[in-house]
Every structure is written in structure tokens, then in C-alpha cells.
Amino acid sequence: MRGPATHPRPAPARGRAPRAGGGARTAAGAVAAAALLLPLLGAAPSAGAAVDDTGRLQQAFTSASAEYHVPLSVLLGVSYLQSRWDGHGGAPSVTGGYGPMHLTDARTALTRAPHHSEGTEDARGDGARPALHPDAEVPADSELPDRLKTLTKAAGLTGIPAERLRGDAAANVEGGAALLAAAQKRLGEPLSENPADWYGAVAEFSGADDSATAAAYANDVYDVIRSGERRTTDAGQQVVLAARPQLAPDLAQLALTGLRNVSAAGTECPASVSCEWIPAPYEQFGADDYGNHDVSDRPASQRIRYIVIHDTEGRWDGVLNLIKDPTYVSWNYTLRSTDGHIAQHVKAKDVAWHAGNWYVNAASIGLEHEGFLADPDAWYTEAMYRSSARLVKYLAGKYGIPLDRQHILGHDTVPGPTTGTIPGMHTDPGPYWDWQHYFQLLGRPFEPTAGKNGGLVTIRPDYTANQPEYTGCETAGELCAAHGSSEVRLYSRPDTSSPLIKDIGLRPDGSDSTIDVNDVASRVETGQQYAVADRKGDWTAIWYLGQKAWFRNPAAQPTAVNAAGLVVTPKAGLDSVPVYGRAYPEKEAYPAGVPAQSVSPLPYKLLAGQKYVVGDVVPGEYLYAVTFTTDSHRVVTGKDLYYEIQFGHRVEFVRAADVRLESSVR
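Following this note's numbering, the numbering of the sequence shown begins with 548 at its first residue and continues without gaps.
Treat the hints with care, as some may be off.
[Claimed, not checked] Beta-carbon label-pair distances, calculated as ranges: (1) 756 - 795: 21 to 29 Å; (2) 996 - 756: 38 to 46 Å; (3) 775 - 947: 28 to 36 Å.
Keep in mind the hints are simulated off the structure, nothing from the lab.
Here a beta-carbon is modelled for each residue, glycine too, at the ideal position from N, C-alpha and C.
All chains should be built: construct the whole structure from the sequences, respecting the hints.
Take a look at the structure:
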């Protein structure tokens, strides 16, 4: 996403939420809760024994369920879809939601200093047309919708102060239970012990203002209840939801909510998500300009190869105002964090201006997720992760896009098309996007595919436990809040005191890399694959940006798993081969009337003896589209073939004629 957001931010919370429970409890109630808890956790009670501290969150769910007469499975299922039971140390989500129940208090959470754009790229990224640098900002909203104010309502229902609902996980669970019970009563339904009778209340809890989004949310909750879940939260709490595979909720209750109907007409979404059509304008403005995308005929005209994951750097309502501006940039879909609702703006057949690289734009679909890169505490909801994964899986199946990190790209892994563009390329969604969980939802978890002698590694740190230091989230040079991360840092030697790997493209003067949250020079990311260059004790070296780069990979807590696959290396007799940020055709391929585009190498070299993982083989291809009318548009395809490779943090391209393809197994 381009352009700075206007929303200020609070100081991020540090540490974990206090232990205090939510509301008064009788001694008998506590004993009963403990009796229910211990069998779930597999512990045997003994006379006078205290409940294991790691089970206090489960006890909070049990107690709140009993007090507000909400079935425990419903309470646990709703919380899982909101936060996967994590408390995030009392910090707010990207939409101002707090605690395991994601109770929203956006007025408090979004009183922040402005977020700033993480790049200066031309979103269109086509040298045949003047660079597009819109200066619009994400506008603020005059009034917060009800979905962003549920914590205030919970405070009124429970009598618990808002501050405690924000920071105390047990109180937060009680607030969520009170909201569910109030919704059930408002719908005229009894406080039944049968979870099947709570479909309407669950749908209303989503905060959605339309029935399709509320239904998609409720269906997800009941899917979780049917399958069951078990995990250890970010605060070390062990929570269990027993599976109820035969549970069939009363879907007719949705009509009781009175939510408006939103048409999905015109959208390209799976039936399992809620989607509406909010079109990006295709209009002329000024003398010879137009926006904010290009009309095309994909996949008939050219194959759709990539899906690019972005974050918005702004809130839902303000971001949607930007997409309606023909002088601004565009993307295909926006996803809302609170409930996973989707708006589509540009048809898949057309080319949106989102990735900063015209070759990638012409072959990709862009998804913007409501969120902030440089805010480790502003977490994404499970509802949005699941909705996004369903959309990506649907699009990937429809257009034959492989579900791997060479085709499901972060904006931060899109290459700069030319040398001069590299420093300005965007870095979202950043280190706090949970790629491991996302690919689990896609049904493509990152598993080992080779033994200990495999020639490749797939980066796969434990997201919660992996907490590298970053700076620049609030103030330049100051440390960001400790937080789980998808990224692993690279060093020039197997020693954390050695210099970080340098990126000559990002810093042409050869200056040092940093640990700034937007500095991708010396970082690898979950799901990316690299050729092994060396191993030494707890350290693994990979080939990266033409260098041997080391990262900690201890057996007790590995940050990568072994893999096999295809790699490229320079052909015999070549000391090095050039690396490209776009796979454009050779000059001879361009017809009359279409200016030949430069096949300009980047400042990197693929050196003899080094190997890089192959993601795809692609033709040299260029979409010529510089006019509002489409009669002059052409797709130019050359004879040259390219390999897409994982060269550094970003993918790049090499000419197939320059390299030799090999198997990595050794």
C-alpha cells in the first residue's frame, strides 16, 4: 500500500496481562471450574493441589461460560476465530481489538502518531510511462462504526472497567461472554446449553453490518467447534476446545439479526467468504492521463502467475476512499480485519497498479489487508487470515498459481525492476505477518522434504518464539516491542557479533545493513527456500545476494527445515551471470509501434559456484499499455526464457541461456 496513514498510535503495551480473574467468583464456583479444567488438560488433582498456572485462561473460559450461560464450546470457538486465544500482552489489534475476545475500543487504540509509508516506489513500475507518485493520504473517519466499539458495551454489561477489559485476559473473556449472552437475548433466543442454538448470536458477535459477512464468520466459528483445537497461547496458556464433529447449528437464526443484504454481484470470490464489489474507477483525467488501473484480457492475453500480499497502512473506511480516486493507485481486493469481509475493486482480467514492478503487476493479483507494518502489537485477526487464505486458494486454483512463496509473494519480496528503483521498493506486510500459519490455512504447510543432507533449506522459525530485535516502529533507532516474527537475520560469519549481510542494491555506497523494521537487506522469511552453502554447529549458511550468509539454526529450536528441489548455477566457463528485476523480451521481439524496453541488469551477480532455488520458468514478456483506449495495447512475448530465483529477500530473474539447472539433493 502506498501513502502514509493519518491515524496516530499509542505506546505499545509491554509485558503480559495480569492474572486477575474477571468478576466475583464463589469458592464453590472456583472448585467446580478447576474440576472441569483438570481433565481437559490431562492433569490429576490431588488433595490441596493448586491448578497449574498454565491453565488459568481455560478456567476463565469455563467460569465465564457458567456465569453467563454461554456454551463453553461457543465461547472458545468465537475467541479462537478472533485471536486464536492469544492476549497479545494487552495490546490492540489493527482495528483496536483487545484480548482473547477481540473486544474493540478503537477510539482509545487508534489515538496514535501517524504511520508512515515504508517505500517511495512508483506503484505502476513501468518505464514506458511517467512515474506515478500520488500524494494522497488515508483519510480519517468522522465516526467509528459499532464493530469498533464493542468493549464499551461489554463494560456496561459486566460493570468491569474498560481498562481492565483491555488488559486482563480473564476479564476480557467475561466481557465476550456477556456480549454473546446479550445478543442471544436480543434475538429472542433462550440461553440454551446446546451450542447449535447460538448461531445467530455468534453471527452478530462478528460486528458485521451485513448478513453474508456475519454468516461467513459464524460458519468459521462452527467449523472450529466441529474440528476442535488445542494450542499454547502467546502467554503460555494451554487451551483446549474438544471436537464436536456432528454439531449442526440452526442457520435460520441468521434472519433474526436483521442485518442488511449485500450483493456479491460482480465479484470473483469463493462462496465461503463474504465479498462485495466496490469498483476502482477507470477514467481519464488531465490532458493525456488516466487511472487507476489498465483494462486487459487476462488470462487469455497473458498468464496470471502471482498473488501479492500487502497491508493497507490505514483503516478500512479510509482506505476504501482511496481506491475510488482515479488519480491514485489500485489493487484487486481489500480485506477487513475485524471480520474478514472482502471488497473487490479490479477484475482479475485487468491489471491493477500495486506492486511497483510492471512485470509483476501485469502477471499478478494484489490483496491489501487492513493493517500496519511497523506496529508489532497491532495484530491481525484469525477471521482475516482465514478469509484471505480462502480467497487465495480459490484464485490459485482458478488460475493455476502454485501455492508457494515464489508465487504467493509479499510486497516485500517483489523485486525492484531496475537498479534505481531498489531502495524505494515497499516492505509490507513485514516481519509480523505470520506466513507459517497462513500457509497452514492454505493447506500447504512448510514441511521438510529432504533428510539432513538435503541441499536446500526452507525457512521456518517458530513464529511466537522467534523474536529478533527491530528498530524504527515508533522512533528511529529505538527498539520495537518484542514480538513474534516470520523473519530470520543473516550474518557474514557464524557469530551474532559479526556484520550483517550487505545489499549493494539497497545501499549502493556499501554502507551497513540495519535492524530497522523496514530494512530487508539481511533477512530471510518463512517459506522462502535457499541453497545450503555451509553448516557449522548451530549455524547454517546459504547463498544470498552473491554472498555466503549465516543464520542460527540450532537443532533444539530450528529456524529452517531441510528441503530438496531445483537450483541454478552459472554455465560452465562463466564466472558470473547478470540478475534481473523483470523478465522482459529481447529487443527483436517488439513489433513496430511498441518501444523496446531495456533488459537492464541489476547491480547483483550470480557467481560461479553459487546456487539459487528456482521458483518458475517464465517467458520474456511485456504488456504495452500507456493509453486509455485499449486499441494500442500489446502483449510482447520473446524467445528468451527466464528462471525466477530466490536471490535475496526478494525474488529475481536470470536468463535460462546463462545458467545450468540442477537437482539440489546430495
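**Request:** Hint by hint, work out which the structure violates, then give me just those numbers in ascending order.
**Result:** Result: no hint breaks.
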